[in-house]
Structure formats: structure tokens, C-alpha cells
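Chain R is fixed; fit chain C onto it per the hints.
Protein chains: 2
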Amino acid sequence: MPSLSRLSAVTLSAIVGGAYYLRSEKSLFSSEKDAVRSMSLLNTAECAVSSISLPFPDIHPSPRTKWDGNWDNREPKYMVDPIEYEEADPIRRQNMLEEVTPTSKRNIILIRHGQYFMDRNHKNYLSLTPLGQEQAKCVGQRLANSGLKFDKVIMSTMTRAEETAKLILNELPPTTVESDSLLEEGAPYPPEPPSKHWRPTQKGSRIEAAFRKYIHRASWKQKNDSWELIVCHGNVIRYFVCRALQFPPEGWLRMSVGHSSITWLIIYPDGFVSVRSLGDIGHLPNGKVSF
Amino acid sequence: MPSLSRLSAVTLSAIVGGAYYLRSEKSLFSSEKDAVRSMSLLNTAECAVSSISLPFPDIHPSPRTKWDGNWDNREPKYMVDPIEYEEADPIRRQNMLEEVTPTSKRNIILIRHGQYFMDRNHKNYLSLTPLGQEQAKCVGQRLANSGLKFDKVIMSTMTRAEETAKLILNELPPTTVESDSLLEEGAPYPPEPPSKHWRPTQKGSRIEAAFRKYIHRASWKQKNDSWELIVCHGNVIRYFVCRALQFPPEGWLRMSVGHSSITWLIIYPDGFVSVRSLGDIGHLPNGKVSF
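As you go down the protein sequences, you meet chains R and C in turn. Reminder that position 242 of the first sequence reads as 242 in full-length UniProt numbering, one-by-one numbering, no gaps. Reminder that position 48 of the second sequence reads as 48 in full-length UniProt numbering, one-by-one numbering, no gaps.
Since the hints were made in silico from the structure, they are not lab data. If you're wondering where the values come from, they're calculated on a predicted model, not measured in any experiment. Built from N, CA and C at the ideal position, the CB exists for glycine as well. Hints are supplied without guarantee of correctness; some may be wrong.
Here are the simulated distance ranges between beta carbons [stated by the list, open to error]:
1) Lys66/C to Glu99/R: 41 to 47 Å
2) Asn286/R to Asn121/C: 41 to 47 Å
3) Asp119/C to Ser219/R: 57 to 63 Å
4) Thr157/R to Asp81/C: 57 to 63 Å
5) Pro193/C to Glu84/R: 28 to 34 Å
The shape of chain R in the complex, shown without the other chains (with noise of 0.2 Å):
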């Protein structure tokens, strides 16, 4: 079976360099004839033909923004008493801010339930289809033999949400376990490319609180890196992994994520975030995998 690793090391070290704007790029060339090599390695792509007649798409100007360190208002500077931190000394000041930062790392393993029953005149709407179980004990099977321990979990209030858990805990050691309607699914924010399906109601506001309460960097009283598990829904894991990387979250819809799929986030004591899978299905078998 499967499983998921504590590796967690950002690997950043086998990063060399590179700006693909050959505008910006110039500047950076040792030499004329570096820039030219360039300009004959854009040529090989394979561009529309009549495409040479027009303007090409300026995509990407510049670095569209700055990563924002404190995106969920826990930055050292931010956790101290702002009173007391002002009167204070520069030494005191230092050990304000050193108590306060946090040391621990935080996974978070979100969990889409399992298939459904969407026919309203089904006597078993909204609950899990039998493939949906199923699809639930794989994922609990494969988190269970994974030899990860669970500090929590929490899952959506809805059915199927509900019952994906209940499976899943049936594969997993004992452990703490809550429900939060604030998880439960609904439209988090105005899709771009527009989607026609798409009407205002006030859910995203509440899918919002949702992320605020539950992917945020570890408190300085957390003393060991922690695993969470969230069973929830499609939209509220695409939304999370948008506002998490802060990546623009009118683009959720460009993901999609299958029935009992593992999207699994780190959080670093720094802030930063890093996505190590989404969508993932390998423990479905063959013919079981839905969207």
C-alpha cells in the first residue's frame, strides 16, 4: 500500500537560476551571442503558423506579486503585545519576538469524501453510493498503512463528508475528531474563466473563515511538526490550495479533484506553503476512480 512521507525539506538546492523574458533576460546575458542562443531556443516551439502576423499575448509581464509573510496574521511582530512591545528595549524586544516564532511544521492532509448519491428522488440522496465507500476505506486503508499518526481529525457536517470519515476512522488508530459546518461545500468565490453555473450567495465568506481557521502556520506553543486530516469537499480543498500559495483565488475551478483523493499541504514555521500532491487517487484501484 501507498504512503505518504515525513520528507518534507523544500528542495530548493538544485536551483540554478532563469527568467524567461528575454527582454528582462538581456541584461542578465554575459554576451550578445548568449542572447541570441536564447532567441533560436524560443524559435523551436511550435507556434501557430499564421500566428507570425500578430501580436503575441503578453502573458506574463513580471512577477505578478510579492509573497505576502504574514498572509495569515501570525507573524512573530504580529503575536506580541503591541503595548508592551513598543515600551519595551531592543534586547527585550528580540526576546519578545523569539518567543513568540513558531518551530514547528504543519501537514495538512484534506481529504475529498467519497462518490454520492445526487438524484434527489434516490431514498439514499446525498449519502455515499457503494462506490463511494469503498472509495472511503481505500483512502483510510492507504492513511492507515502510511504509519502516520493523526493528531486530528475533522470533517465537514455534511453527509458524506460524515460518513468518508467514519470510514476512514474505522481504518485509523484513535484519535481526536471534531465536526465544523464552516467545512461544509458551497461556491467559495467567483470562478475566472466565468462559469455559468455560478450564482452569489454569501457561502464564500464562510468558506473563507473556514481557511482562516484551519490553514495557518503553527502557534509557538506547538513543540512537534503535526498531521491533520480534514475530510471536506472539492470546492473548499480547490479554494484552500488557491488562497494557500496565494495563487488567485477566482482560478479554484482550474483544478479538480477525484472522490476520496489526497491534497496534502505543508505549512512551515516561517509561513511559507508548499502543496506535495493534489487530487492524488493512487489507492483507488482500477475502474474505481470518480469525479
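For chain C alone, coordinates are given in the frame of chain R:
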């Protein structure tokens, strides 16, 4: 063994709307009471206690950027002869456009190579480790058991990618195989947040060229949905995903994909792109995962 699904319709049907910005939502509420209810939902989020006296960061003031429907320069109107189009009557124009409108989907499966020897003094420097060979075989078996018929397998010309591709090909029925040095590893774009390991080189242009060569909607000449396998590298995969989803390219380091992982992109005939999985490692047995 696990499988990929041929199900590929984007599940737009369950979307009923939502906008999380209170100020933009206010005008959408049917009554003042709804606005108050929404505010109380926001308050249930556990915010840092000391943040009350500090301004909350304004992370997403509005949808940041529109989806660029012509991101790959292959919208039908860019595929016709512009002079002939200019001179045609309205009916002929419509026929010209219909003729070049794609009808098939492209499924692109990006595989990261297996673990390899990174120690310059090792006799097998840059070749797959025994674990890396095992990882490659596992992903090959998963792809074979999925029953998918790959139209083409393309590999980067770096040793670790070639070795991985060959081990995968051992498991698959015969198909068209190509090698391309455009797919070699490199640093695609200045990352944000910045990495101290990053140095500017011209590799970004080459990786952007690879993106433009391989990631685009199907030609109107393509009559069936296609499945292509690209065996390449972590940075290349992460950059491709950012660019294909129109997420900021500087965000590629916020993702991390494991050795021999599967990343599945679907490009629809109208140019919309969906990622179905990122860094799926479900085919790796317990203890065989590495990054």
C-alpha cells in the same frame, strides 16, 4: 493497482455561487440580517488575538486577472489566414472559423524521474538509484494497469529522465517515443518568495519554449482525445502547471512533486485547462517515497 480515469468533464454542475468579500457581498444580500449573519460567520475564525488592533492584510481585493482565452495563441481566429479572412463575407468567415475549431481534448501526463545519485563522486552520478529504478517501475505498472493507450511518450534527454522513461516503456505496449532536450531540468523563473539558491541563467527561456511546444490545445486536425506521457523534471513540471493554469509563474516553488509522481493536465478544445492531479505518488509502496 490504481488507475487514471477517462472521466474528464469539469464538474461545474454543483456550483451555486459565493463571494467572500464582505464589502462586495453587502450589495448582494437580500436583507441586512443576511449581512449580519455572514459577519458572525467570519468572526468564528480563530484569528490571532493580538491582531485586533492591527490592520488585517487586504489579500485579495478582487479577481486579479482575467483568463486569457488565447494563452496558447491557438484560438480559432488566430488560426485562419488573416488576409483571406479579412476579405471574406460573414458566412465564409464563420465557416473558416468552424473549420479550424478544435474538437478533441489533450490529456498530458507529466512524470517526474525517479530518485538519482546526486553525489559527484559516486560512480553512478546522475543515474537512477536502486530506489529510483523501483519508483520508475511502479509508475510504469500503474500506467499500464490503467489500460490507457498513450499516443506518444516524450522524454527529457537527461540521464535520469531517459532511464525512468525506459523503465516505464518496459511496462507499456509499444508506442511512439521521442526525446527532447528542451525538457531538461533548469530554473524556470525567479521564484517568489525569493530563494537564496536562485541565480539568473537563460534556462528559463528554454523551459518556456518547452511549455509552448508541448502545452497547448489540440489542433483542429486531431480527431480523438489524446493521451501523452512526458517524462521530465520537477521544476519543469511545476512551471508547466503554473503557466497552464495561468497562475503566477513565480509561484512554481510553492509546489513540490515526488520522484516518479504523476501530474495530469487536461486541455479542453476551447483552451480551458484543468489539473486532475499534481504529484500523485499513490503507486509507491510504503517507505518508497522520496522528493
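Hint by hint, here is what the structure shows:
no. : hint                             : verdict
1   : Lys66/C to Glu99/R: 41 to 47 Å   : 45 Å, holds
2   : Asn286/R to Asn121/C: 41 to 47 Å : 43 Å, holds
3   : Asp119/C to Ser219/R: 57 to 63 Å : 39 Å, violated
4   : Thr157/R to Asp81/C: 57 to 63 Å  : 58 Å, holds
5   : Pro193/C to Glu84/R: 28 to 34 Å  : 29 Å, holds
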